[in-house]
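A.B. asks: Keeping the supplied structure of chain A fixed, place chain B upon it in accordance with the hints.
Just so you know, the sequences run in chain order A and B. 1 is the number of the first residue of the first sequence in our numbering; add one for each residue after it. 1 is the number of the first residue of the second sequence in our numbering; add one for each residue after it.
Simulated from the structure, these hints should not be mistaken for lab results. The beta carbon of each residue, even a glycine, is placed where N, CA and C say it ideally should be. You may find that some hints are simply not true.
[Claimed, not checked] Heads up, simulated DSBU-like pairs for lysine-lysine below, C-alpha to C-alpha not over 35 Å straight-line:
1. A:K519 to B:K41
2. A:K519 to B:K74
3. A:K275 to B:K41
4. A:K518 to A:K428
5. B:K73 to A:K278
6. A:K226 to A:K493
[To be verified] Cβ-to-Cβ under 7 Å is the rule here; a few derived chain B residues that face chain A:
7. S5
8. G8
9. A11
10. A13
11. H36
12. V46
13. P47
14. L49
15. A61
16. G62
[Stated by the list, open to error] The following label-pair restraints were derived from C-beta to C-beta distances:
17. B:S38 to A:D314: 22 to 30 Å
18. A:E485 to B:I15: 38 to 46 Å
19. B:A13 to A:S523: 30 to 38 Å
20. B:P35 to A:G115: 47 to 55 Å
21. B:P35 to A:E485: 28 to 36 Å
22. B:F58 to A:Q398: 34 to 42 Å
23. A:T511 to B:E39: 18 to 26 Å
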Amino acid sequence: MVNLNFFLSRADLGNTPYVVLIIYLIILLALGIFGYIRSKGTEEDYYLAGRGQGLLVTSLTIMATFFSGVALLGFPGMVYENGVSAMFIALNLPVAGAAVYLLGNGIRKLGQARGYVTPGDMIAGYYGGSGVRIVVAILGMLYVLPYIIIQIKAGGGLAQQLFGENMFNLGAAALSAVTLLYVLVGGMRSVAWTDVLQGILLLSGALLAGIAVIISLGGIEPFFSKVADLDAKQLTMHDPKESKWNPWWILTFCLFASLASIVQPAQWMRFYAAKSSKTLRQSAMIFAIILPSCFLFGVMLVGLVGRAVHPPIDPNLELVASNLPEGLNKPSQIAVFMLGDQLPAMLGGLGIILVSVIMVAIMAASMSTADSNLHALGGVLTRDIYDKFINPSATEKQRTMVGRIVIVLATGLALLVVSLGENTEFGKGLLETIMQFFFLAMAFSCQLVPPAIDILYVRKGTRAGAIAGMCTGGAVVLATYLFSEKEATQYLKRIIDLGCLAIIFNVVVFTIVSTITKKVDPSHIERFKRDLS
Amino acid sequence: MKKESKRGKLATALIVIFLFALVMGPGPGSLLINPHGSEPKFWLGVPALYVWAVFWFFVEAGVILIAAQFIWKKEDKNG
Numbered sequence: 001m002v003n004l005n006f007f008l009s010r011a012d013l014g015n016t017p018y019v020v021l022i023i024y025l026i027i028l029l030a031l032g033i034f035g036y037i038r039s040k041g042t043e044e045d046y047y048l049a050g051r052g053q054g055l056l057v058t059s060l061t062i063m064a065t066f067f068s069g070v071a072l073l074g075f076p077g078m079v080y081e082n083g084v085s086a087m088f089i090a091l092n093l094p095v096a097g098a099a100v101y102l103l104g105n106g107i108r109k110l111g112q113a114r115g116y117v118t119p120g121d122m123i124a125g126y127y128g129g130s131g132v133r134i135v136v137a138i139l140g141m142l143y144v145l146p147y148i149i150i151q152i153k154a155g156g157g158l159a160q161q162l163f164g165e166n167m168f169n170l171g172a173a174a175l176s177a178v179t180l181l182y183v184l185v186g187g188m189r190s191v192a193w194t195d196v197l198q199g200i201l202l203l204s205g206a207l208l209a210g211i212a213v214i215i216s217l218g219g220i221e222p223f224f225s226k227v228a229d230l231d232a233k234q235l236t237m238h239d240p241k242e243s244k245w246n247p248w249w250i251l252t253f254c255l256f257a258s259l260a261s262i263v264q265p266a267q268w269m270r271f272y273a274a275k276s277s278k279t280l281r282q283s284a285m286i287f288a289i290i291l292p293s294c295f296l297f298g299v300m301l302v303g304l305v306g307r308a309v310h311p312p313i314d315p316n317l318e319l320v321a322s323n324l325p326e327g328l329n330k331p332s333q334i335a336v337f338m339l340g341d342q343l344p345a346m347l348g349g350l351g352i353i354l355v356s357v358i359m360v361a362i363m364a365a366s367m368s369t370a371d372s373n374l375h376a377l378g379g380v381l382t383r384d385i386y387d388k389f390i391n392p393s394a395t396e397k398q399r400t401m402v403g404r405i406v407i408v409l410a411t412g413l414a415l416l417v418v419s420l421g422e423n424t425e426f427g428k429g430l431l432e433t434i435m436q437f438f439f440l441a442m443a444f445s446c447q448l449v450p451p452a453i454d455i456l457y458v459r460k461g462t463r464a465g466a467i468a469g470m471c472t473g474g475a476v477v478l479a480t481y482l483f484s485e486k487e488a489t490q491y492l493k494r495i496i497d498l499g500c501l502a503i504i505f506n507v508v509v510f511t512i513v514s515t516i517t518k519k520v521d522p523s524h525i526e527r528f529k530r531d532l533s
Numbered sequence: 001m002k003k004e005s006k007r008g009k010l011a012t013a014l015i016v017i018f019l020f021a022l023v024m025g026p027g028p029g030s031l032l033i034n035p036h037g038s039e040p041k042f043w044l045g046v047p048a049l050y051v052w053a054v055f056w057f058f059v060e061a062g063v064i065l066i067a068a069q070f071i072w073k074k075e076d077k078n079g
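Just chain A, same shape as in the assembly (with noise of 0.2 Å):
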């Protein structure tokens, strides 16, 4: 976690920090509240804010929940640790932004006429029967629940730099309950409307932080200046056979780790949100200028110079704490740690405050996921577990009451996990594997790509081939996991995204099946492509 301790004892930051958080607090409880006053009480209400969100809002959720704190501390990071070739994966960002209207309108068009909610409503409206509902709810939760957990640790950690040691449960309870009482009072609405101010804080503390440091170090000329001291290998491609960092695996993760954050249960309840693919194709706009701007030209900046400025002790050796510059623990901290260090002295007051903005922008690029995925979490456990399987003849304030315990129990037992996690030997190896599962989520959740492309556009595909293509892409993602260890499953890793490789598995049994078994009834097809005109 961020070492803000160190950097708020140098930098003589005062009570402005927090002072910030209080009022950042207090907005978030009051649009909460606000959402709670104009809500209709309604299911669909509750869960898609009555279908009429506009532009500002939808665009600005979508973005808040695309980018979670890991990313926004991660990307910089990773440009410290491996160059310049990091930098290129900032052009899978407007890959996901032709996805929020190329798979995000066919989405709500369906939404709009078939009353759906959750991604299992369209796959299995479309395909029939309940086991297909089953395995788009699995893959569903095998991305939310994960994301959740890792979110709330983030948020105890940084209660915990900023407020003392012994203040990492308090922290996560705290930052939990203001974010499960606007979840609960206020559903979508209070999620969106929190999100707007969040998504606000993130991209203009991912931008101003690159600008800030550009300013700090004498403008353009002298910043680059710095960069090209960087060693020859922060300034090339990278070899596959080393690294990651090739050109092979960053083109397959611009093509398709994007799709897997776009067709995650919270993004595919925004696209049914939305209140018309005008709304949609401005959002996929203004994701696909703005969101990369943010980190080409503002934090990723900040983690290449800070390679300069702050260089390893020796670059050749692994980047932990005793090989870092003191005070820096790990390359995420990068980021924090030159602004804390940087912008007050260089602009005093308003420097300050913009540390101050930057910190809370991590805290609330960690909340905007957490709160997305715990309304989503509820939706999916509801709509395709308990009102298809429990409860079939469920009222809908039933079914809307269940949502909202879910969410409770959700985030109890995602702060038990995560404070075992801090307290005990079992929990520590617990998170372990949640955080091993963290970095798999986007892999599982691609494997509903295949069966939405399919709906929106091929409608060639059969209930059994989809079934087996998503169990074969999340069974892939899951060997590579168990074989980790093996010398193949490394280098495999490094020359192709997992989530493109599970995904090429997913379509060739799914095309395979779907040539053998029962088709989708012509008059059926025919009525979704109705519905999608």
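C.D. replies: Frame of chain A, contents of chain B only:
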């Protein structure tokens, strides 16, 4: 009908350009600039690979803007 076929051709061209941008930018095209083990290049004092990444980002973003303006917008109106 004629307009639809024009849009179809534009869509095909944009898909080809977009995929080309991915292959040239983050993909193996980057090996033309600074492959592993080569001497780092600088363009106007800026690392050439960074300029390369920014250029292909603008190409990708441009394709999406053109698609949104001339294809998706028309489709939305027809829909």
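A.B. asks: Next step is simple, just say for each hint if it's right about the structure.
C.D. replies: Do the hints match the structure? See the list:
| no. | hint | result |
| --- | --- | --- |
| 1 | A:K519 to B:K41 | violated (56 Å) |
| 2 | A:K519 to B:K74 | holds (33 Å) |
| 3 | A:K275 to B:K41 | violated (48 Å) |
| 4 | A:K518 to A:K428 | violated (47 Å) |
| 5 | B:K73 to A:K278 | holds (7 Å) |
| 6 | A:K226 to A:K493 | holds (33 Å) |
| 7 | S5 | violated (18 Å) |
| 8 | G8 | violated (14 Å) |
| 9 | A11 | violated (11 Å) |
| 10 | A13 | violated (15 Å) |
| 11 | H36 | holds (4 Å) |
| 12 | V46 | holds (5 Å) |
| 13 | P47 | holds (5 Å) |
| 14 | L49 | holds (4 Å) |
| 15 | A61 | holds (5 Å) |
| 16 | G62 | violated (9 Å) |
| 17 | B:S38 to A:D314: 22 to 30 Å | holds (23 Å) |
| 18 | A:E485 to B:I15: 38 to 46 Å | holds (40 Å) |
| 19 | B:A13 to A:S523: 30 to 38 Å | holds (36 Å) |
| 20 | B:P35 to A:G115: 47 to 55 Å | holds (53 Å) |
| 21 | B:P35 to A:E485: 28 to 36 Å | holds (30 Å) |
| 22 | B:F58 to A:Q398: 34 to 42 Å | violated (52 Å) |
| 23 | A:T511 to B:E39: 18 to 26 Å | violated (46 Å) |
This entry does not satisfy hints 1, 3, 4, 7, 8, 9, 10, 16, 22, 23, going by the numbered hints stated previously.
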